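> Each chain, letter by letter, is given below.
Protein chains: 2
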Amino acid sequence: MTDRIKYLLDERDMPGTWYNLAADLPGLAPMRHPGTGAPIVLDDLLPIMPEEVANQELSREAEIEIPEPVRQVYAQYRPSPLFRARRLERALDTPARIYYKYEGGSPAGSHKPNTAIAQAYYNRQAGITRLATETGAGQWGSSLALAGALFGLDVSVYMVKVSYHQKPYRRMFMETYGARCTPSPSTETAAGRAVLAADPDCPGSLGIATSEALEVAGGDPGTNYAGGSVLNHVLLHQSVIGQEAIAQFALADDYPDIVIGCAGGGSNFGGLTFPFVGAALRGGPAVRVIAAEPAACPTMTRGRLDYDFGDTAGLTPLLRMHTLGHDFVPPPVHAGGLRYHGMAPLVSEALDRNLIEAVAAGQLDCFAAGVRFARSEGIVPAPESTHAIEVAMREAVRCREEGTPRTILFGLSGHGHFDLAAYESFLTGTMREEQYDPDAVATSLAALPTLADA
Amino acid sequence: MTDRIKYLLDERDMPGTWYNLAADLPGLAPMRHPGTGAPIVLDDLLPIMPEEVANQELSREAEIEIPEPVRQVYAQYRPSPLFRARRLERALDTPARIYYKYEGGSPAGSHKPNTAIAQAYYNRQAGITRLATETGAGQWGSSLALAGALFGLDVSVYMVKVSYHQKPYRRMFMETYGARCTPSPSTETAAGRAVLAADPDCPGSLGIATSEALEVAGGDPGTNYAGGSVLNHVLLHQSVIGQEAIAQFALADDYPDIVIGCAGGGSNFGGLTFPFVGAALRGGPAVRVIAAEPAACPTMTRGRLDYDFGDTAGLTPLLRMHTLGHDFVPPPVHAGGLRYHGMAPLVSEALDRNLIEAVAAGQLDCFAAGVRFARSEGIVPAPESTHAIEVAMREAVRCREEGTPRTILFGLSGHGHFDLAAYESFLTGTMREEQYDPDAVATSLAALPTLADA
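Heads up: the sequence lines are chains A and B, in that order. Going by our numbering, the first sequence opens with residue 1, and the numbers climb by one from there. Going by our numbering, the second sequence opens with residue 1, and the numbers climb by one from there.
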């Protein structure tokens, strides 16, 4: 083959350890207890997660071994392919070399199983029989349902009610794996009942669903909570993406000048980019790293770096992160996975230290980029992933305008098979550009918890 | 890794030629002209397909080169992985070694792009600007839409009206690739208008949609027809599946005793199994080859080997094949890709010469097998593919009962992301066992064209 378009690794060449950026960010602010302001310690986490996972959450070690049973399950879809986007390069008439790391080939269709599988394994080892979690658009719930099936755990997913009804295929997907999917707010929890008492027609939110899952996990010794993003251990598990990419660039005899990922809670972004950031911090090649977020939920480009809750109800520890305030309800962009008021503390810290950049993109531009990508590369991307595509295309066009060939890598975090109604809305011209309300953000930020300067 | 579960090949190790079983079936009956009974010759085919494809349809050469531009596009998802189903083996407590060749990783989600890409390439080379085709459940239409986008061809898909409305995501998928999707019967063709005049509420059928596509292709010199199954050249293009599998078994230091594929028109089945059949005919290891068909559409197990039309309206040449009669309307099983009255002539001939076997499976058993597979291997299979899974599980259980370890290979032709409503119907107990009507088959067979003994 003259023009190679794909770089694979054998399952035996999968990384043996995950990479933890926390090791390379000395002075990283700890999670804090909302009542006392004290840094969170292991015992605070044990009611909802197994000790191994809690240790990873607090770890400052750079490398943490991937257990063999996790590698065995990873091997079904990992190492994921690194593609050279030659047809897209021709369509853009750019001198840039564009690569994308594709996570949509996992059985659940996104990068989310990378941590779902690890969390299911550790919980099973610890004797836990059930996992509870929340899901918005359903990518995370599907992935935990998959992992639960493979490790013999029951899975209860609280799915934001409006998505539960809008995306019945996602619910059916979870149920096919054997998971139980409940529209949230539900009558199963005190948190859900309180919301329903105030507003019986409440469409739900990720914050409410998280409160329900945490309540269920906290109230039953056999049940733990499993989180799909934001937390350190989640980003740790996702680092396998970037580590593989580095090995694949060696095969391609190339290395990226620019690495781009979409960012909602930060797990896809951190998973792809942190190994490159870490390599640069340890004397490797410098690389420009860009987080692409929705203009309608501009956590990094318009938010404040401060302590805030990870959920709406204020049940989580306080996290130091870029936030629009936990009361802020993002507009209904189709990229449901990017509709989150905060950003992972590790991503926030990297941004604050200028190790990465952040840019915002509008929904219409992103879907236009997604359609162009589908028609040149063949893969219909998830709405979340189109944000990375849009920003990568901007950079590729800049390479053309400046006459500078650069190597661009972006993360294609998932496919759009369950998001085709959004594509139809774009193609028929009925999709609108969603805008966030700056006043709502100001109000939400004014109400940040008082431990803000702890 | 101790227990390897995946065998990959590099894109540079993709087969350089397709394998044509017709070369190894001397005396294969020709297609015949419905008016004269004369064997079909090249000129008969040129109004609807390019010369290269027509030559392949009639070829008796064993190996036909895969053009480099086709290999370049194949490389996006090929060679497809060969998986060892270790978790399924444990779930079944079988001494059998079970492997599956997974085609669901293609951008369209099934094996269909293997021929769509080849046909789009040859048509583009021949100066054609548009392809017309029919689709039932939408796997084939999606694949041709993908191939059209990659080679710059317009694609018009006539989609069976009932599926068009039941499976809006499939239509949106095609439209995202830029294809035009029309519910059939439509007012765009004489064939469609005739049907609508007789029955304005007609839900459509694959036969009617085929007639519409053939009429459009025949009436415009810039438009050709592209078929997704049954024809020799389609099975030829699909042979890349089995050829890769043979190379992957060499990596695994194993070889199948039994090879199983689901069969509707025969393209997935022939693509997987013919290279194994050919190897055995040329002195290689003997292998048991089983075609799995729906009990509700038992073409091979209950049909007659005879000349019949490939479509309902009788616009195609006559094909010597196992058929239930072209007037037979199969019951609405969820495996839409297996709802076809006939079977590829090459598959029919192989069955007649006892080179392969055929078995039928009921829909409820197949979905039960599909759910069990999803929960052990992680992949939710297409309803069509569950037929192969069910038959593979039967053989694996027989290995346990007989205490005989055998190596079983089955084809997992696609994923079920667009078929989750069928899974819900199964999981909630509302799915029913569809039965074919023997009287309807008898009536349909009695009306076979008079050239039957040509």
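Just so you know, the hints here were simulated from the structure itself, not pulled from any lab data. Small disclaimer: the values here were computed from a predicted structure and weren't measured. Among the clues, some could well be false.
Stated by the list, open to error - Across the chosen pairs, the derived CB separations fall in these ranges:
1) B/LEU427 x A/ARG193: 52 to 58 Å
2) B/THR428 x A/GLY429: 47 to 53 Å
3) B/VAL397 x A/GLY218: 39 to 45 Å
4) B/THR36 x A/ALA368: 37 to 43 Å
5) A/LEU251 x B/ALA250: 19 to 25 Å
6) A/ALA368 x B/GLY16: 36 to 42 Å
Glycine included, every Cβ here is placed at the ideal spot set by N, Cα and C.
> Hints broken by the structure, by number, lowest first?
Hints 1, 2, 4 are the ones this structure does not satisfy, whereas the remaining hints hold.
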